[in-house]
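Engineer: Please model the entire structure based on the sequences and the hints provided.
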Amino acid sequence: MLTNLAANTSYDVYIKTICSIDNSSMYSDVFNFTTSAPLVIPELLPNLSDLNLFTGNLNNLTPSSRAFEYNLNTPLFTDYAHKQRLIALPPGTTMDFVDNGFPDFPDNTVISKTFYYNNDERDESLGKTIIETRLLIKINGVWELGNYKWNANQTDAVLDDMAHTVPVSFIDDSGTTNTINYGVPSMQDCINCHTSSNTITPIGPKMRTMNFNNQLQDFINAGHLSNLSDPSSVTTLPNWEDTSYTVEERSRAYFDVNCAHCHSDGGYCEFQSELRLTYETPFAESMIFDRKGSIDNRMRNYNPGISMPLIGTSIVHSEGYDLIRQYLNSL
762 MLTNLAANTS YDVYIKTICS IDNSSMYSDV FNFTTSAPLV IPELLPNLSD
812 LNLFTGNLNN LTPSSRAFEY NLNTPLFTDY AHKQRLIALP PGTTMDFVDN
862 GFPDFPDNTV ISKTFYYNND ERDESLGKTI IETRLLIKIN GVWELGNYKW
912 NANQTDAVLD DMAHTVPVSF IDDSGTTNTI NYGVPSMQDC INCHTSSNTI
962 TPIGPKMRTM NFNNQLQDFI NAGHLSNLSD PSSVTTLPNW EDTSYTVEER
1012 SRAYFDVNCA HCHSDGGYCE FQSELRLTYE TPFAESMIFD RKGSIDNRMR
1062 NYNPGISMPL IGTSIVHSEG YDLIRQYLNS L
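So for the sequence shown, my numbering puts the first residue at 762; every next one is plus one.
Don't read these hints as lab results, they were simulated from the structure.
Small disclaimer: the values here were computed from a predicted structure and weren't measured.
Honestly, I wouldn't trust all of these hints.
[Stated by the list, open to error] For lysine to aspartate or glutamate, the following EDC-like pairs were computed, each having C-alpha atoms within a straight-line distance of at most 20 Å:
| id | residue 1 | residue 2 |
| --- | --- | --- |
| 1 | 967 | 1041 |
| 2 | 967 | 933 |
| 3 | 844 | 857 |
| 4 | 889 | 1026 |
| 5 | 844 | 884 |
| 6 | 967 | 979 |
| 7 | 899 | 857 |
| 8 | 844 | 830 |
| 9 | 899 | 933 |
| 10 | 1053 | 1080 |
| 11 | 967 | 934 |
| 12 | 899 | 1003 |
| 13 | 844 | 868 |
| 14 | 910 | 840 |
| 15 | 967 | 857 |
| 16 | 844 | 1002 |
| 17 | 899 | 840 |
| 18 | 899 | 922 |
| 19 | 1053 | 991 |
| 20 | 844 | 860 |
| 21 | 910 | 811 |
| 22 | 1053 | 1009 |
| 23 | 1053 | 1031 |
| 24 | 910 | 1080 |
| 25 | 967 | 860 |
| 26 | 844 | 991 |
| 27 | 967 | 881 |
| 28 | 910 | 950 |
| 29 | 889 | 865 |
| 30 | 889 | 950 |
| 31 | 889 | 857 |
| 32 | 899 | 884 |
| 33 | 899 | 804 |
| 34 | 967 | 868 |
Structural biologist: See the structure below:
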């Protein structure tokens, strides 16, 4: 038996048979074979390393060849943390295009999002601090949630349902040292945000949010996405930082990604608030004008339990607030 073979590596094995009587060579040949990457395990196992989602040293965050990265045109703000987003599909399967919303993911799909800070934004070679890796796994048609908190040595992450506060320091692009009390959400927090109409669902990987920089075509070319012949037929959610869009378009996109998973029909705040902040919701039905004073107040200052979003931030997103304030003042 051959052991300790590296994944995705070609090997030549020389085989020779020897006569037991006179030790003469009876047969020899060279066999070539290539190892494959281990399957990503679609289970919430105790340690992140158990899932085979990454290869090599875990803290390098090198995806397994069975997983691929995706990005969002307008991402969620989480205290300036960087995020690595991965999707691992079972062998021989694809995501199926349905509409501008979520694709149809096959059972045993694993979606991950890892949150980290570069120690110095001016020089990524100085390393990073990884905080958490959040997972969604589709099992028998139902999405299950799990959160892995990274250890202090940055060697692995442990499945953990509890909320935590993790102090993080990093140097930004201007050379200023920032300290943030990063909040790792509890399992209940995750359920609150990811529940729509009593069903757990992803939030980020919608077709319209991933439709930029030819990403959908790249998925098609790589065999990850089916049932979509023309990616240009898919709408694109505006990038809130792209000034070629109007202030209204950028602001509504910001609301969609940061707020609409709760402020929507079937969302966590369906009955606590009249706000409906999905991008496609007509302005007259969004209640933005009627609640603009409350929106401004909840975004302007950080006050736990009052500030919005309730989960995932411990500071004011000044750039996001400046945009929303400009939009609200224009109404």
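Engineer: Would you mind marking each hint as holding or not holding in the structure?
Structural biologist: Status of the hints after comparison with the structure:
1. 967 with 1041: holds, 13 Å
2. 967 with 933: violated, 30 Å
3. 844 with 857: Not satisfied, since the Cα-Cα distance of roughly 25 Å exceeds 20 Å.
4. 889 with 1026: violated, 38 Å
5. 844 with 884: holds, 17 Å
6. 967 with 979: holds, 15 Å
7. 899 with 857: holds, 14 Å
8. 844 with 830: holds, 11 Å
9. 899 with 933: Not OK: residue 899 and residue 933 at ~37 Å, beyond 20 Å, violated.
10. 1053 with 1080: Roughly 18 Å separates the two Cα atoms, so the pair holds.
11. 967 with 934: Answer violated: residue 967 to residue 934 is near 30 Å, above 20 Å.
12. 899 with 1003: Violated, because 34 Å separates the two Cα atoms, which is more than 20 Å.
13. 844 with 868: violated, 24 Å
14. 910 with 840: Given that 20 Å is the threshold and the Cα spacing comes to 17 Å, the pair holds.
15. 967 with 857: Holds, at roughly 12 Å.
16. 844 with 1002: holds, 17 Å
17. 899 with 840: It is violated: about 28 Å lies between the C-alpha atoms, which goes past 20 Å.
18. 899 with 922: Holds: residue 899 and residue 922 sit about 18 Å apart, inside 20 Å.
19. 1053 with 991: The hint is violated at about 39 Å.
20. 844 with 860: violated, 25 Å
21. 910 with 811: holds, 14 Å
22. 1053 with 1009: holds, 13 Å
23. 1053 with 1031: holds, 18 Å
24. 910 with 1080: violated, 28 Å
25. 967 with 860: holds, 9 Å
26. 844 with 991: violated, 28 Å
27. 967 with 881: The given pair, whose Cα atoms are some 31 Å apart, is violated under the 20 Å limit.
28. 910 with 950: holds, 15 Å
29. 889 with 865: Roughly 34 Å separates the two Cα atoms, so the pair is violated.
30. 889 with 950: The given pair, whose Cα atoms are some 26 Å apart, is violated under the 20 Å limit.
31. 889 with 857: violated, 35 Å
32. 899 with 884: Given that 20 Å is the threshold and the Cα spacing comes to 37 Å, the pair is violated.
33. 899 with 804: Judged against 20 Å, a Cα distance of about 9 Å means the pair holds.
34. 967 with 868: Satisfied, since the Cα-Cα distance of roughly 17 Å is no more than 20 Å.
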